[in-house]
Amino acid sequence: MTPFEIPPWDDADKSNSGEPQGIRLQKVMAAAGVASRRVSEQLIEAGRVEVNGEVVTELGRRIDPETDLVSVDGTAVQLDPGKRYVMLNKPVGIVSSLADQYGRPDLRRYTEQYEERLFNVGRLDAETSGLLILTNDGDLAHVLAHPSFGVLKTYIAKVEGRVSPQTISTLTKGIELEDGPIAADKARLLDVERETSIVEITLHSGRNRIVRRMLDEVGHPVIDLVRRSFGPLNLGTLKAGGLRDLTKVELGQLLTLSRDATPAPGAEPSGEPGDEPGADPAEDEE
Numbered sequence: 001m002t003p004f005e006i007p008p009w010d011d012a013d014k015s016n017s018g019e020p021q022g023i024r025l026q027k028v029m030a031a032a033g034v035a036s037r038r039v040s041e042q043l044i045e046a047g048r049v050e051v052n053g054e055v056v057t058e059l060g061r062r063i064d065p066e067t068d069l070v071s072v073d074g075t076a077v078q079l080d081p082g083k084r085y086v087m088l089n090k091p092v093g094i095v096s097s098l099a100d101q102y103g104r105p106d107l108r109r110y111t112e113q114y115e116e117r118l119f120n121v122g123r124l125d126a127e128t129s130g131l132l133i134l135t136n137d138g139d140l141a142h143v144l145a146h147p148s149f150g151v152l153k154t155y156i157a158k159v160e161g162r163v164s165p166q167t168i169s170t171l172t173k174g175i176e177l178e179d180g181p182i183a184a185d186k187a188r189l190l191d192v193e194r195e196t197s198i199v200e201i202t203l204h205s206g207r208n209r210i211v212r213r214m215l216d217e218v219g220h221p222v223i224d225l226v227r228r229s230f231g232p233l234n235l236g237t238l239k240a241g242g243l244r245d246l247t248k249v250e251l252g253q254l255l256t257l258s259r260d261a262t263p264a265p266g267a268e269p270s271g272e273p274g275d276e277p278g279a280d281p282a283e284d285e286e
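Going by our numbering, the sequence shown wraps up at 286, each residue one higher than the last.
It is worth saying that the hints were derived from the structure and are not from the lab.
Among the clues, some could well be false.
To be verified - Straight line, CA to CA, 30 Å or less: simulated DSSO-like cross-link-like pairs of lysine-lysine:
1. K27 - K248
2. K173 - K158
3. K248 - K186
4. K173 - K186
5. K186 - K158
6. K83 - K248
7. K186 - K239
8. K158 - K239
9. K239 - K83
10. K173 - K239
Unchecked claim - Derived DEER-like restraints, expressed as beta-carbon distance ranges:
11. Y102 - R259: 36 to 42 Å
12. K239 - E178: 32 to 38 Å
13. E112 - K248: 21 to 27 Å
14. V55 - R194: 56 to 62 Å
C-beta: ideal position from N, C-alpha, C; glycine also.
Kindly produce the complete structure, drawing on both the sequences and the hints.
Okay, here's the thing in structure tokens:
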């Protein structure tokens, strides 16, 4: 059983002619691992559970776990037993592809151990390490990867030269690149040494190698680049090449972000496909 698997429902819960359709909400919640059935009933009675955005307080409420959206205290709950969400700290030298056409080391070495057919959400170039999400949830992957939804990603870059406060200001105000203007959502200087600096950059763009190109444009080529966070997820102490399933808290935050997200006004939410549905339209993000 996977971390998010719901056991088969008994025949008494299956809808038949003349019987109520759906499954009791508290039973679905208990099977999804939210809480025991009794505690789930208490949460419902306390008005802390929503179904499709509507507060539910009746214990007799039945739902369809395949189509209805459930949240507890405003945090989304995953009811689909077939979905899986894995965090990878991608090492340098690994191509963000499930089948690299040139035979270079790719993500298959990490996805082959799972029964589910996982794909990567967005990409990191081979020289960039850090947080990469592997999942089989195409809807969530699309929201996370496409820049029109504005999901923030944070990077730590070691660069050549001594970065000044003025340069940090330039990154946030915006610069002009060959494929158009770009501005970091946030940027700050973490450390300055004699010949190098450490810079933190947060942005939602998914353009090809955008972090490297921005820093190169302001005169500070990247020596080393790591993605530390993706939306609400943080790499933490996960070692290079390490994998782990998302915690219930992390998954809830991610699902909530996905369900609440809307494309920016005037933005086109579609893009060229990557390896799988939901993959980032850019060839390499950073």
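Comparing the hints with the structure gives:
A threshold of 30 Å between alpha carbons decides the hint, and for K27 with K248 the separation of about 18 Å falls inside it, so the pair holds. A distance of roughly 21 Å separates the Cα atoms of K173 and K158; the hinted pair therefore holds under the 30 Å criterion. Between K248 and K186 the alpha-carbon distance is near 28 Å, which keeps this suggested pair within the 30 Å criterion. Taking the CA atoms of K173 and K186, the gap is near 10 Å; set against the 30 Å cutoff, the hint holds.
A threshold of 30 Å between alpha carbons decides the hint, and for K186 with K158 the separation of about 16 Å falls inside it, so the pair holds. Our distance criterion of 30 Å between C-alpha atoms is met by K83 and K248, whose separation comes to about 13 Å. A distance of roughly 26 Å separates the Cα atoms of K186 and K239; the hinted pair therefore holds under the 30 Å criterion. Simply put, K158 and K239 have alpha-carbon atoms about 19 Å apart, close enough for the 30 Å limit, and the pair holds.
A distance of roughly 24 Å separates the Cα atoms of K239 and K83; the hinted pair therefore holds under the 30 Å criterion. Restraint check: the Cα-Cα separation between K173 and K239 comes to about 34 Å, which exceeds 30 Å; the hinted pair is violated. Take Y102 and R259: their Cβ atoms lie about 38 Å apart, and the range 36 to 42 Å holds. Against the hinted window of 32 to 38 Å, the Cβ-Cβ separation of K239 and E178 comes to about 37 Å, which satisfies the hint.
Taking 21 to 27 Å as the suggested C-beta distance range, the pair E112 and K248 conforms, at roughly 26 Å. In this structure, V55 and R194 meet the distance hint of 56 to 62 Å, their C-beta atoms being roughly 59 Å apart.
Checked against the numbered hints above, the structure breaks only hint 10 and satisfies the rest.
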